[in-house]
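J.: Sequence:
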Amino acid sequence: MYGLKTESSFDASHFLTDYHGKCENLHGHRWRVVAYLEVAELQTEGTCKDMVVDFGDFKGALRSLTERLDHHFIIEEGSLAPDTLACLEREGFALFMMPFRTTAENLAKWFFDALAEMGLPVAQVDVYETPNNCAFYREDA
1423 MYGLKTESSF DASHFLTDYH GKCENLHGHR WRVVAYLEVA ELQTEGTCKD MVVDFGDFKG
1483 ALRSLTERLD HHFIIEEGSL APDTLACLER EGFALFMMPF RTTAENLAKW FFDALAEMGL
1543 PVAQVDVYET PNNCAFYRED A
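In the working numbering, the protein residues as written are 1423 to 1563.
Calculated directly from the structure, the hints in this document are not laboratory data.
Careful: at least some of the hints might be erroneous.
Unchecked claim - For lysine-lysine, the following DSSO-like pairs were computed, each having C-alpha atoms within a straight-line distance of at most 27 Å:
| hint | residue 1 | residue 2 |
| --- | --- | --- |
| 1 | 1444 | 1531 |
| 2 | 1531 | 1427 |
| 3 | 1471 | 1427 |
| 4 | 1481 | 1427 |
| 5 | 1531 | 1481 |
| 6 | 1471 | 1481 |
Unchecked claim - Cβ pair distances, simulated, as ranges:
| hint | residue 1 | residue 2 | range |
| --- | --- | --- | --- |
| 7 | 1555 | 1516 | 22 to 30 Å |
| 8 | 1470 | 1535 | 38 to 46 Å |
| 9 | 1493 | 1555 | 16 to 24 Å |
| 10 | 1465 | 1521 | 29 to 37 Å |
Heads up, the beta-carbon is just placed ideally off N, CA and C, and yes, glycines get one too.
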C-alpha cells in the first residue's frame, strides 16, 4: 500500500447534549485533524504519475473542510431551543449545525465521508480534541 498523510486544525466551540460532566457546558478546542489516504497502486499517467494524489489537492481538500468549522459554534441539530438559536444568530455568532452529537468520533466520520465524497481514497481520519486525546474513523476493508 502507498499512502499520504496531511493535517489541518481549527478552533471551534461545542457542547455535548445529554452528557453528565464538564463537556455538557459550552467549551472550545483547538481541533487537529489528521487524514490518511491509501492506494494499492500509484497513478500511471499525467501530472500525478507515480503519486497517490497531488499533495496540494489533498491539503487543499482537508483545509477547505476545517475552514468551514473554524471559529464556529458547532451545534447538534435539535440540541438548543429555537429561541436560543435565534438569539445566537441575532447576536452574530457563527453557527455550524451537525446532524449528530458533536463528539470527536462523529466529527472524524464527518471528515472521512466529506473527503471520500471529494473522490479521495481516504483510509482514516483522526480528530484530536487535545494534544493527547484523539478519536479516529476508518472503514473495514
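J.: Evaluate each hint against the coordinates.
T.: Outcome of the hint check:
no., hint, result
1, 1444 / 1531, "holds (24 Å)"
2, 1531 / 1427, "holds (16 Å)"
3, 1471 / 1427, "holds (18 Å)"
4, 1481 / 1427, "holds (9 Å)"
5, 1531 / 1481, "holds (18 Å)"
6, 1471 / 1481, "holds (18 Å)"
7, 1555 / 1516: 22 to 30 Å, "holds (25 Å)"
8, 1470 / 1535: 38 to 46 Å, "violated (23 Å)"
9, 1493 / 1555: 16 to 24 Å, "holds (22 Å)"
10, 1465 / 1521: 29 to 37 Å, "holds (34 Å)"
Of the numbered hints given earlier, the model fails hint 8 alone.
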